[in-house]
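K.L.:
Next come the chains, spelled out residue by residue.
2 protein chains.
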Amino acid sequence: MFQENNPALTSWLDVPENNDFPIQNLPFGIAKYEKGPLLSKRPGYQAVSIIGDNVIGLAVLHELDYFRDIQLPEGIFEKEYLNEFIDLGQPVWRAVRKRLSELLRKDNHELCNNKEALKRCLYNVHDVVLTLPVKIGDYTDFYSSREHATNVGSMFRDPKNALMPNWLHLPVAYHGRASSIFVSGANFHRPKGQMLLPGTTDKPVFGETKALDFELEMAFVIGKSTKPGESVSTHDARKHIFGFTLFNDWSARDIQRWEYVPLGPFLGKNFASTMSPWIVTLDALEPFITTAPKQEPDVLPYLRRPDSNGAFDINLEVWLQTTGKEETKICMSNFKYMYWTIDQQLSHHTINGCNINIGDLMASGTISGPTPDSYGSMLELTWNGSKPLILPGGLQRKFLEDGDKVIIRGYSQKDGLRIGFGEAKAIVLPAV
Amino acid sequence: MFQENNPALTSWLDVPENNDFPIQNLPFGIAKYEKGPLLSKRPGYQAVSIIGDNVIGLAVLHELDYFRDIQLPEGIFEKEYLNEFIDLGQPVWRAVRKRLSELLRKDNHELCNNKEALKRCLYNVHDVVLTLPVKIGDYTDFYSSREHATNVGSMFRDPKNALMPNWLHLPVAYHGRASSIFVSGANFHRPKGQMLLPGTTDKPVFGETKALDFELEMAFVIGKSTKPGESVSTHDARKHIFGFTLFNDWSARDIQRWEYVPLGPFLGKNFASTMSPWIVTLDALEPFITTAPKQEPDVLPYLRRPDSNGAFDINLEVWLQTTGKEETKICMSNFKYMYWTIDQQLSHHTINGCNINIGDLMASGTISGPTPDSYGSMLELTWNGSKPLILPGGLQRKFLEDGDKVIIRGYSQKDGLRIGFGEAKAIVLPAV
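Protein chains in written order, with the numbering used here: chain A, 28 to 459; chain B, 28 to 459.
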């Protein structure tokens, strides 16, 4: 176990109970400051971490020489994205997180007693604008929840043969659009496009989507590149992963249904995706690794898991807030339900020699659980609109309406330790 | 007409007959120099153009103040990619091409008589290493050749209903992998993956692809970004396009066939794509705009073409060279066969508000013509391996074998003017 993950650690900074960001988390993000200078320099970007409600400026700590024992280039924490920092390698990320943990510990006074430094490097989270933390070169979306694939197959094909023949043999995936991945809080307009009216099969109409949906997902960020022709084994996969975020793969079901055969989803999904601003490191999640679902039939050798512990126990929630109303929790799922593990996903992705780059994002696909309240999309929760969601006050929803805000939250919890992810949220704006 | 396109123009530099790069072309590319200094600076990259066999260093011309009447930032031609140059906008690309045309004209002596300058800015094309000219953020592959879609549908579904119901209503497309787009000359290893053995339906085996294919395509480079939520009309589409390259979307048909339902191609294609190093500007192709195929049924209003001239008359050829043998031409097609025009492709891509960025690549999909010798893939040329290609000397090919080199060439020709694209070529190396 990493000593930074010790549940007994506490900080001289206050962390409220059930906060997502105790001293054991210390995720990485990017803050933008326009009114500057947070640093003694021009406005720009700064790599940051967070503990409780306190955002910590890593560029300031670096400038003040608090990372003196780590080989860090000048200005490494003043980039628009974390990619160059990630490119320094796993030993460096680990050293920075370890050092942050040291500096924030109750019994450490190096930073705690330096009032001038604190004034410059600590900000209240509500005063900080968090931006997309990585430059995403390529974005891949998997389809790795058996429950989700079964639900979709049951609805649109045959409940008795809900899974396609390939589904149990490989982690199905497709390439998505990187340009339209936005950070939490970036709202987007309801998309327009071609769709069929009910009862028609080949005369599309043009209009606003009437079946706008969310997809509850998580995503991992690539931390180590590969060269063309190189493959990553399931055993080595985690060495290539920097960390995790929450992810919402917004979908327009009617547009998607008309366009997707035979080459897959395109305009039904590429208008917007939302990711949470904090990348929780794989290291911080180590205490929550757990048994992955058994796989039957056996997978091909290149997909065999290094051990039975390939899943991560991460509670996931979806909250819906309609205009002027309170938030309502509409889904409770868990990342551990995933049939295909991240090791298998990455191994499959590279088995043909496809090269991956630092900052690439690999999303899980919708994470549905076994019970109806754990379904990770409106499509499944309302069974394609046939059983509308009833919200407090009697409001109904088949799909999302303008003004609806969807918030994804996630956290791991065990033995008094809680590692959270914050939020991935956005509001559906009316069509342009 | 742009005066740079006048067929009567000639240069003081020699251009061999039927060369792809007369003074009327002047495409853009990037050269890498490791042994430097071509400039009086450190080794690195330089934006270049070409006339005949002479590569022209734009950074040197800029340094020597030959672009003095154009607003160009310092160092703009010394970047690894053309993106920042493209970001200066269409008036700037046009001004640079126009100025190059002036400097190279027979009656202009500004550069011609400056022996010191010539020594520094002119290189023989065989001495220059050309690299990927743009940083590709997102790569989209369309499926816009009716003949190709009909051939594929006839082979794998029903010849009487070869086209899917959506095909005549929208330009079908999918997102591909940007990281594995390589410049011409970058060879790649035969991919491995899951596939079904003939006669089986659900017991995949693992191995090297036995159905490696090329796809004859062209691709356009985005020259002007859009914001999320913004759409580009068919009328404005070309303002967002910088230029064209040749493109080969290598495909492993057996891997693709097993994986692609329901989310589209993934490992069957993302191991490698090849693009030609020169981006021929849309302006240089203006004389070759021609009538696009009639569309029946009528398309939805947002897809209506601004006029009937939406196609480009570009001859396309595929040459195959097996180990130790001569090149053989195995396909002759034309870009004008495309059912969906580039204006329609871009308008469709953005109709849902999907944002596009400078450097994004939009490929056409396989460009097949009406006759069997114009089919743009081995799949079609050999009708899924059932009619092997017979090469000179009696060699046969169902799909590509190790050591095979595929070369795509393309050029427009009319009234004594020829605008060519050079080559997109690569050799299939044995599996890793």
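Since the hints were derived computationally from the structure, they do not count as laboratory data. One thing to keep in mind: the hints can contain errors.
In this list, chains with the same sequence are indistinguishable; a pair is considered to hold if it fits within one copy or across any two.
What the hints assert, rightly or not - Below, in silico cross-link-like pairs of lysine-lysine (BS3-like), each with a Cα-Cα straight-line distance of 25 Å or less:
(1) Lys254 - Lys59
(2) Lys133 - Lys187
(3) Lys321 - Lys59
(4) Lys106 - Lys230
(5) Lys237 - Lys251
(6) Lys254 - Lys162
(7) Lys133 - Lys432
(8) Lys352 - Lys425
(9) Lys230 - Lys425
(10) Lys441 - Lys356
(11) Lys432 - Lys251
(12) Lys321 - Lys230
(13) Lys106 - Lys187
(14) Lys133 - Lys266
Please read all numbers here as calculations on a predicted model, not as lab measurements.
K.L.:
So, for every hint listed, does it hold in this structure?
P.N.:
Status of each hint after checking the structure:
1. Taking the shortest Cα distances, Lys254 and Lys59 sit within 25 Å of each other only across copies (19 Å), while inside one copy they are farther apart (32 Å).
2. Taking the closest pair of Cα atoms, Lys133 and Lys187 never come within 25 Å of each other, the shortest separation being 58 Å inside a single copy and 75 Å across copies.
3. Within a single copy, Lys321 and Lys59 get their C-alpha atoms no closer than 44 Å, and across copies no closer than 51 Å, so neither meets the 25 Å cut-off.
4. In this assembly of identical chains, Lys106 and Lys230 lie within 25 Å of each other by CA distance neither inside one copy nor across copies; the values are 49 Å within and 48 Å between.
5. When the C-alpha separation of Lys237 and Lys251 is checked against a cutoff of 25 Å, the pair qualifies neither within a copy, at 41 Å, nor between copies, at 31 Å.
6. Proximity of Lys254 to Lys162 under the C-alpha cut-off of 25 Å is found in both arrangements, the shortest distances being 19 Å within a copy and 17 Å between copies.
7. In the homo-oligomer, the alpha carbons of Lys133 and Lys432 never lie at most 25 Å apart, since the shortest distance is 38 Å inside one protomer and 65 Å across protomers.
8. Only within a single protomer do Lys352 and Lys425 lie at most 25 Å apart by alpha-carbon distance; the minimum there is 17 Å, versus 63 Å between protomers.
9. With identical chains, the CA atoms of Lys230 and Lys425 are at most 25 Å apart within one copy only, with a shortest distance of 24 Å there and 39 Å across copies.
10. In this homomeric assembly, Lys441 and Lys356 come within 25 Å of each other (Cα to Cα) only inside a single copy, at 22 Å, whereas the closest approach across copies is 66 Å.
11. For a Cα distance limit of 25 Å, the shortest separation of Lys432 from Lys251 qualifies neither inside one copy, at 35 Å, nor across copies, at 32 Å.
12. Proximity of Lys321 to Lys230 under the C-alpha cut-off of 25 Å is restricted to the inter-copy arrangement: shortest distance 19 Å between copies versus 44 Å within a copy.
13. In this homomeric assembly, Lys106 and Lys187 never come within 25 Å of each other (Cα to Cα): the closest approach is 52 Å inside a single copy and 57 Å across copies.
14. Taking the shortest alpha-carbon separations for Lys133 and Lys266, neither the intra-copy value of 31 Å nor the inter-copy value of 60 Å comes in at or below 25 Å.
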